[in-house]
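Number of protein chains: 2
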Amino acid sequence: MRFSIQKDYLVKGVQEVMKAVSLRTTIPILTGIKISVNEEGVSLTGSDSDISIESFIPIEENGKEIVEVHQAGSIVLQAKYFSEIVKKLPRETVEIEVESHFMTKIKSGKSEFNLNGLDPEEYPLLPQIEEHHVFQIPTDLLKHMIRQTVFAVSTSETRPILTGVNWKVYNSELVCIATDSHRLALRKAKVSGRNVPEEFKANVVIPGKSLNELSKILDESEEAVDIVITDYQVLFRTKHLLFFSRLLEGSYPDTSRLIPTESKTDIFVNTKEFLQAIDRASLLARDGRNNVVRFSTLEQRMIEISSNSPEIGKVVEEVQCEQIEGEDLKISFSAKYMMDALKALDSSEIKISFTGAMRPFLIRTANDDSIIQLILPVRTY
Amino acid sequence: MRFSIQKDYLVKGVQEVMKAVSLRTTIPILTGIKISVNEEGVSLTGSDSDISIESFIPIEENGKEIVEVHQAGSIVLQAKYFSEIVKKLPRETVEIEVESHFMTKIKSGKSEFNLNGLDPEEYPLLPQIEEHHVFQIPTDLLKHMIRQTVFAVSTSETRPILTGVNWKVYNSELVCIATDSHRLALRKAKVSGRNVPEEFKANVVIPGKSLNELSKILDESEEAVDIVITDYQVLFRTKHLLFFSRLLEGSYPDTSRLIPTESKTDIFVNTKEFLQAIDRASLLARDGRNNVVRFSTLEQRMIEISSNSPEIGKVVEEVQCEQIEGEDLKISFSAKYMMDALKALDSSEIKISFTGAMRPFLIRTANDDSIIQLILPVRTY
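As given, the protein sequences belong to chains A and B, one line each in that order.
Under our numbering, the residue at position 340 of the first sequence is numbered 340, and the numbers go up by one with no gaps.
Under our numbering, the residue at position 212 of the second sequence is numbered 212, and the numbers go up by one with no gaps.
Next up, chain A with everything else stripped away, as it sits in the complex:
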């Protein structure tokens, strides 16, 4: 293998596949990045066996020559060193050549590295995915849907299935649901499909960690991402990236009955003021009592948020609402869950719908039912 390449393309590609590389893996070959070169360009691959990422750098792009291939081939180089080296090379062009015994020479200007490579035949093959059904979704919408749900997954391994986000496709609609059993986030959107029959259904659980990494690697753009869901893997594909994630095994709980369909108290409030008041009220509650604040409706469209930690002190916040409809209410909930939900909503005004002090309540934007945040209250004594 021998080729020369524009450094900035190489750096970007290496950074992308590094998102999948774990330096602490027990499988030595996976601490490396696989480099494959053929007449079309250079493929870089990183994997931690849960996530696999392949980044492709073409020979040329928009008439600009990026790669010059002298001899096709492949090699695996230690990710930790290779990623640092390429970032720091002195010139715009890098030459990479594999010599005997996988010894690999990396040259740029008057800088010359010789790295001990690993046998590329030992590197695991990427999943072979049959593309019967391909969905498409704009990149920016996909990033939103991930951000608005993934924070609510469980961080505990007690119920592993809850560490993932439930993705359901039905009637050309994608519904993403995450819950840690104390709160739930739901986001839905229309998706378009290629060769997808109308009666096509999918119901899978994607690890939260995979979605977080995917979101980081995708540029904010309106270009579409192709999504292929199979029984054990999901593939996200952009112009130059393949992102594979394994799926979680097991069935996701049915969450539809959790979401109340009626309400007894509806509150309309400015998101920012409400968020800041919750944030302050929780300042004294962070250490003890799981960050719980009290919420009460007052007269004249006012609500009170308060918290009391006998050893530290107490805090009372009043917030003016746009509107309060229905019964008076006193309820306690986790300030952290509320702040997470408010940040996910992306709306200057929100509506909170309660059905009593001991029942889950919903936080939504005023006129948009594509996103729902649900929180279970906390019993206080």
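Just so you know, these hints were derived from the structure itself, not from any lab.
There could be a bad hint or two in this list.
Identical chains blur together in the list; that is why a pair holds if it fits in one copy or across any two.
[As the list claims (entries may be wrong)] Heads up, simulated BS3-like pairs for lysine-lysine below, C-alpha to C-alpha not over 25 angstroms straight-line: (1) Lys7 with Lys272; (2) Lys216 with Lys336; (3) Lys80 with Lys336; (4) Lys272 with Lys143; (5) Lys107 with Lys330; (6) Lys80 with Lys209; (7) Lys12 with Lys272; (8) Lys272 with Lys87; (9) Lys188 with Lys209; (10) Lys88 with Lys343; (11) Lys19 with Lys88; (12) Lys105 with Lys314; (13) Lys87 with Lys105; (14) Lys314 with Lys110; (15) Lys314 with Lys7; (16) Lys80 with Lys314; (17) Lys336 with Lys87; (18) Lys107 with Lys314; (19) Lys272 with Lys88; (20) Lys343 with Lys209.
Once you have looked at the hints, place chain B on chain A.
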């Protein structure tokens, strides 16, 4: 105690004194910030018993009213909570009032906190320093002198005196020296004094940690800092800040004989190119062998920097020099120490003076003898 204050001044003052507060101290009162109010303004104090910082906020500044005092007094509030609270208060003005049993009310807009305060009588008094001799040094020069020396202090407690920087005043000159016994940094500058006799001498050791905190707290400006050195304490004073640090006990080693006065090989090189080559050459050496690189003079004003880690690979860098004078040389040294020294020098061109492969060598700027960086080579086998 009761007063109201502009929030941004309070936030800035609290941030400053927080630099001295350790939340893990074993002395409970020192987890607090002391607030004292009199007719001149508000003083905030934080201390971890090594460093004490007092920040003063005057009643008014440039004709703008900052503080309105209703009743003088003092209180100690938990730093962890108080600092978070003041940052997040909703309005521009904050009212603080101490009620019975040190209970303290903090109000801003519709937000009201009641914090359990501590008895201000229990808070230790700041050192009383007799100001016989006051030196003055511009803030930006002081920050430079700290930055150019403090990185070279020892991080090991084996010889505690080496964790500090040796400050010597003699003949209206301040000399700062730091060494961890493998490298040494020296920076000197003229200082002006008030009521300071010409024969005045001082020779103290200031903890590196204190100087780092001091440097962070000082704004980059040409205003002068007052410095008062006593037997056990040093005081730095700006317009609104008092910064006390204890001194390290014991005598600092005499480092003057360490610095070679002649050289056998002098190299003049571009700092940035040399630094980047060292950085790359050290990439493969970071884990093992203490980050050591080899340095050799070549023909035609070239030097070679190389490193070899049998398990990972090897790297060879060549750098063009401005000039090489004297004998050929092969030497090994710590890349980290060299990079630290180069970054401290602030110069686009540097001169390195060697007196043999086993002797300490000097790195300086071409025409300025106010700063010297010294490194001991590493014996390689």
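Run the structure past the numbered hints and jot down the numbers of the failing ones, going up. The structure conflicts with no hint, since it agrees with every one listed earlier.
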